[in-house]
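S.K.: Here the protein sequences come in this chain order: A and B.
Letter by letter, the first sequence follows residues 1 to 689 in the UniProt record's numbering.
Letter by letter, the second sequence follows residues 1 to 805 in the UniProt record's numbering.
Don't read these hints as lab results, they were simulated from the structure.
The beta carbon of each residue, even a glycine, is placed where N, CA and C say it ideally should be.
Do not take every clue at face value.
[Said to hold, decoys possible] Taking beta-carbon pairs under 10 angstroms as the criterion, some of the chain A residues facing chain B (in silico):
id	residue
1	260
2	268
3	367
4	368
[What the hints assert, rightly or not] If you want the footprint, here are the derived chain A segments under chain B, 3+ residues with CB under 8 angstroms:
id	region
5	227-239
6	275-288
[Said to hold, decoys possible] Quick list of the computed label-pair ranges, beta carbon to beta carbon:
id	chain 1	residue 1	chain 2	residue 2	range
7	B	85	A	275	42 to 48 angstroms
8	A	275	B	94	42 to 48 angstroms
9	B	259	A	111	47 to 53 angstroms
10	B	292	A	112	55 to 61 angstroms
11	A	194	B	309	57 to 63 angstroms
12	A	678	B	210	40 to 46 angstroms
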Amino acid sequence: MGEFVVHRVRFFDYMPSAIRAMAFNGSTQRLAVARGDGAVEIFNFADNYFQEKVIPGRSDRAIEALCWVRGRLFSAGLSGEIIEYDLEKLRPRYSVEAYGGPIWTISSNSQETLLGVGCEDGTVKMFEILEERIQFQRNLDRQKGRIISLSWHPSGAQIAAGMIDMIRIFDAETGHATHRLLVERGVGTTRNTEVVVWSVAFLSNDTVISGDSAGKVQIWDAVTGTLIRNHLITKWDVLGLAVSQDESSVIAGTSEGTVVQFQALASTMGQENNQWVRTRTFKNHTHDVRALVHTDTAVVSGGMDTQLVVRPLLDKVEKNTQESALRKILFPHKSLVCCARKAGLLLFQFPDHLELWRLGESSAKGQAGDRLPVMKNPEKLIQLQNKGEDHICCSAVSPCGSWVAFSTVSSVRLYKLQLSNGNISIKKVSKLPKELHSVHQLCFSSDSSRLFASSAQASVVVASLDQLQCKHLHTAFSAFLSFPGSSQPIHLLSASENGNWLAAANTDGQIHVFNLHKLKLHCTLPVYSSCPTAIAIHPTTGHLLSAHADQQIFEFSLKLKEYTAWSRSLQREGLHPLWLQRDTPITHIAFNRNKPAHVFLHDAFMFCIIDQSLPLPQARKKLYNQMDLKTISPQKRMQESHAFKICKMFQHLLSIHLLDDSSLVVVERPLADIVSQLPPPVRQKKFAT
Amino acid sequence: MFLLCASGESVKVFSTATEECLHALQGHTDLITGVLLRPSNHLQAYSCSLDGTVRLWDFTDGILIRTYSIGYPIYGIYASAKHEGVIFIITPMHTDTNSELFQLVAVHLPQCGEQLVEAKELSAVLSNISSNPAASAFGREGQYIVSAKPLQLEVYFFKKHKSYSFFLKKDNQKGGKNTFTCITCHPTEDCIASGHEDGKIRLWRNFNHRKEYTYSTLHWHHSAVSSLRFTPEGTNLLSGGVESVLVQWRYNQESQRDFLPRLGGAITHISVSPDGALFCTSHSDNKITIIQSCVKVSAVIQGLVKGDRIRTDLMIEPRSKALVLNGKPGHLQFYSLQRDKLLYNLDIVQQEYIHESGLEQFEVVMAAFDASGSWLATVEERKQKAPELELNLKLWAFDDQKQSFVLNTTISAPHEGRITALCFPHVSDGQTTMLVSTSRDGHFKAWQLAAPAHTEDEGPSWSCDFLGAYHSLVPECCCFSADSSLLAVGFQEVVTVWTPASWELLTTLSQPPGAVRDLCFGRLSCSKYLLGATTSRLLCCWNLLTCSLEWVTSMDVSLLLADPLSENMAAFCFEAGSTDLFVFKPGEPRPLFSHKALCSGRVTHAVFVPREVMLESCDEASQWLNCSHLYFLTQSMDLLTFITKAEEDKLTASSKQLVVSDDVAMTPFHLLLGKHRDQLENPQAESRLSVEPIRQPSSSAGINELLQMPAHVLPSASFLCSMFVQSLLISVNKPSEQNKEKEEEMESEKEEEDSDGEMESRISRPEHMPSGESGCAAPALTKEEVRELRRLKKLDHSWMKGLLD
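Just chain A, with the same shape it has in the complex (with noise of 0.2 angstroms):
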């Protein structure tokens, strides 16, 4: 495997953003989280929850509530706005000012026409879904409060509203309010406060359910407008309620972070009398959950902790399974980091500022294991503060450290950094080609000559830099196009050493590599049903390896364009069972100069050096073998290494670069370092404490 001098880099100070909405849609298996800086995530549930698109936040956005119709993603928040977002360009498509103040909640109703929002006023407004926008089509009622709170009955005939201390049910014809359900406040000193109703769950048999801030759960008949039970949960709130598809289960959301399961049973076999009944609590959170989704299988959650949790459910999904495992997805599934492998910088990207960082040095030498005295401390050399109010989306280093690219939604800028003894000035490059605007990655070539950006076009640009003036050389926009529905935003760029191919990978796992001599496509990789998570070209023997959601890898050459030997043979033995269930995907993929069989990957909990010299490990050995072949002689450790080589060693990994001189870059950003950021959890008191 090798001994490597690194890097162990804990001063990226990564801060996720807390999770404050979600929306599932059941029929594309798309779950879109919205973020507390504005961004929304897209995961795709049938790909492993690999995290496919990220549309970048802004400072002024505040999303309080994301909703899904027909596989169109709209969001409120409290600037007022509804937006509707364009999932191919990653960017808001329009916003509508609804004119009620700061919107609450946003639901749709389950015919996909109507879209409700809840106002600060104390209005339910709502707005006509057309083909291409929404338009405003009326009020309801007008109640005095806010409106926390909406949720359409299955057949969209009425409308329950949460609000201040009551619940509101609306006629949707008649836009009037039938029933006023008035929920209890809090005991004790909590009285003299409001109670919020937090959320609301309208069942098609006409049940009314209700989450407060007083911790109840409350069971309503909207019939009658009465209270049939009352769940106290929690001491605190109760945030968020979801509801399965088939009604018989319904989860809540509490400040303590806890989620509570609800299920309708029937009290005696074998009878339809129903009754909702508390069963489980998953306890997956410190913080807030404020985001809940009931997936059928699983139950998702999120909140201030800014984990997304997937908790299967256990009686819905097959025991000691992949699909039972619980996961909690913590980092990104790209990299924030990016690393000048000629100059050891690392440039760390935050949603509004870039910092770029020298990596300390040390003289000493030392065994295996040993922990080097730093002679040179890491050094932060720049930051680089975005203007205006978008994030940024996507930045790169060039590999000799002297340009530095970032983009936002709406522009690109490019910087000329000079090095030299200590002193940096930096010089930003003003005349950008016109093509250069709105791009989704950037990617520079490996001497630092050219800068490739993936625009939101689907195309990819191709740009040259010479010392001062960056000048446009090419556009290649026709690759894409050929290929029906293939709109989608490339994520992946990758370049190869010598400078002679580009491969770039889109979110419908469309590999293509184009020529950069001739600038035009070579070939297109036969598409994998899931998708590319990391590509990379061999240096030396020009081979493309891809790494996907589902924890495969493929090697293709590029040279026969046809799989290559080792792939082939990979996929015929298969990969090892501990390998397809790790449930991070391989973020990076990098290559050792000095031995061309090995190959660098790593995800967010291990790091793995690929021999593909060796045989690959059957199903039945051990994979995490490293240990075991320390101890054993050096004879049996021939026959018992496989091409596999882990390193657990590093946990919450975001980033691990190769230098040119040989030495690895590992970037950690240990979970106790954000935990400590977080506000404190609520109060509650232990047992014995």
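Mind docking chain B on chain A? Use the hints.
M.R.: Relative to the frame of chain A, chain B by itself:
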């Protein structure tokens, strides 16, 4: 209301109103493991026992109706109204009793009228279950039966003949233990409540699905839940555990709960009356608490409090003649031996006891009364390890107004080491003003009652008067002579004799090797003798007049005791795993009485209890019992005593219980022991309790019933009269078949028409009750007892007549 409680080899019937034990249902020959009301007749109850029989009782009158012989030890019994004529029992899977595997067996009870019936129709329902009777339960309307193994819940549906199993992981992430401890089912809904080792309660639902079953978790208890019970309507769930807090959960509103804390010892069982008006908890400290459904304690039935261990000596409080020993943690219990009743608990430590294992708390380790009973000295300590030992010596004065002891002086850290002995002088007249304590720190201290020097309003208090030591040896024991003129302190191998008047060391006596373990002065005519037991298995007797060794004998004395009213001394000797008792006079080397192999293990606690009335016994072997009883506590914490033959006869006659025993001198003190021993030896022994309509306790049930019956339902007086006369006649040679006929008749009538049958049976009962008893006990009945019974009947009759007139 009646309360049934399995207690050793008998079932005790208590009145819930008066807390009194009305009678004991006796007949089983081994430990009773379960009591159950007969579902089809709430005036009858089943009991099962390890002797392999199930007995059906009429518990209001204490009559054994029928005995079903099963043939295997029975560990639990269940029945349901749905399953007429069938009971379900837990028996070992294999015939050898050491087997760890148990099965639930359905027994079809034959419907014949004989007294002793052999039930042969057995069919296994569930196999490989837990022997704990709390781990199985009937579900709603007897449709299914649930049984819990350590980590598995099994539900068997009778209709479908199908069972479902649900498994739990051994440990959850936080280290809690998921092992099932007890189980109960909701009476009207399909919900199973299970208690777990880590204090969680799980409510299982949807358990007729292999996969879509679900449960919710309730967690309040911090240690294992030992008992769970739903109220008859199913509105509440009761749970209890080692915290000794009864928790009442509202069904479907589980966040609302009521607590009844400080019930005493750990709750072992909970029972609910069929009408739901009363709850009942039994506790590990030999106590039953009756609780109203508004979660208020209404009555407490307390036996001898069973503590974790007895550390004080057994003592007799001189005023009330009550036995005093460790009771509740931090308390001394005052227990009346005459009435078999706890008088009161005296809180010594005066700190809240926390029910948590492994927590070091203050314990009362030593106590002593002075001769007149006006002073009590107690020692409490915390921490077993010597460096952190916390000691308190407390002196309590008897308050005539309060009729109780009140704290007079607290001496914190009276010694630097653990106190080994505490002794008041025997002052026959006037006030005791001295106390001697010896400690491992090498000193003995004399404490003096003295008026305070400069405060007027406070009464006299105790302070240290003298500190004695001898060659920095550790004193192990001390003893005052009968006239209190001498104090003997045993310093390891050396016995030192001091005069308390001037605190001079008079002489030293020594008999090496072996440290002196126990010292005792002789009484009355033998007061010149000092006896000492050493660790080198010697019992030495010194003559204090000559300061020489009078005699020495080799025996491993574990306890040496002097009778305060006679010259007799008792020595408990440990020999080959069991204890022998020798009673002797110090002057004579010949023992008055000896009893080999009294019990297994060492006897470390015993006491002579002075009799209220002296006995004039001429039997030589029991002469030593004339002045006092001797009570002793065995290692298994049984309290035993010796009684004379005459007393035994009296006892058996009064309790109408026949003791067939060749052992002349020793009989277990049954009344006291039954329950006590049961709980000690068999912590799992089922004491299921239940309650019945109210009835006055009375000596003669038949007359009582007649009196209580409303006049309008009574048959004509002439009919009654003949019945009465018949009932009072005792026919020794009456054939027992007749009885059986009667009973059969009674049974059938009962089944036909409830109210009529009831009345009929009540009337017929006085007639056959005594005869039935004589029938079953005929072989052992002697002429004397017959006479005794007849005498009793006559008494009753005259009293009755007086009332009628």
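S.K.: With reference to the structure, classify each hint as holding or not holding.
M.R.: Do the hints match the structure? See the list:
1. Interface restraint check: residue 260 of chain A against chain B, minimum CB-CB distance 9 angstroms, threshold 10 angstroms, status holds.
2. Because the smallest distance between the Cβ of residue 268 of chain A and any Cβ of chain B comes to about 5 angstroms, under 10 angstroms, the interface hint for this residue holds.
3. A distance limit of 10 angstroms between C-beta atoms decides the matter here; for residue 367 of chain A the minimum to chain B is near 37 angstroms, and the interface restraint is violated.
4. Checking residue 368 of chain A against chain B by beta carbon gives a least distance of about 34 angstroms; that is not within 10 angstroms, so the hint is violated.
5. Only residues whose C-beta sits within less than 8 angstroms of a C-beta in chain B count toward coverage, and the region 227-239 of chain A has 5 of them, enough to reach three; the restraint holds.
6. Under a criterion of three residues with beta carbons nearer than 8 angstroms to beta carbons of chain B, the stated coverage of the region 275-288 of chain A is upheld, 6 such residues being counted.
7. Our hint of 42 to 48 angstroms for residue 85 of chain B and residue 275 of chain A is violated, since their Cβ atoms are close to 35 angstroms apart.
8. Taking 42 to 48 angstroms as the suggested C-beta distance range, the pair residue 275 of chain A and residue 94 of chain B conforms, at roughly 44 angstroms.
9. Evaluation of the 47 to 53 angstroms hint for residue 259 of chain B and residue 111 of chain A yields a pass: the beta carbon distance comes to about 52 angstroms.
10. Between residue 292 of chain B and residue 112 of chain A the beta carbon distance is about 59 angstroms. The supplied range of 55 to 61 angstroms therefore holds.
11. In this structure the supplied range 57 to 63 angstroms holds for residue 194 of chain A paired with residue 309 of chain B, their Cβ-Cβ distance being about 58 angstroms.
12. A hinted range of 40 to 46 angstroms for the beta carbons of residue 678 of chain A and residue 210 of chain B is consistent with their spacing of about 41 angstroms.
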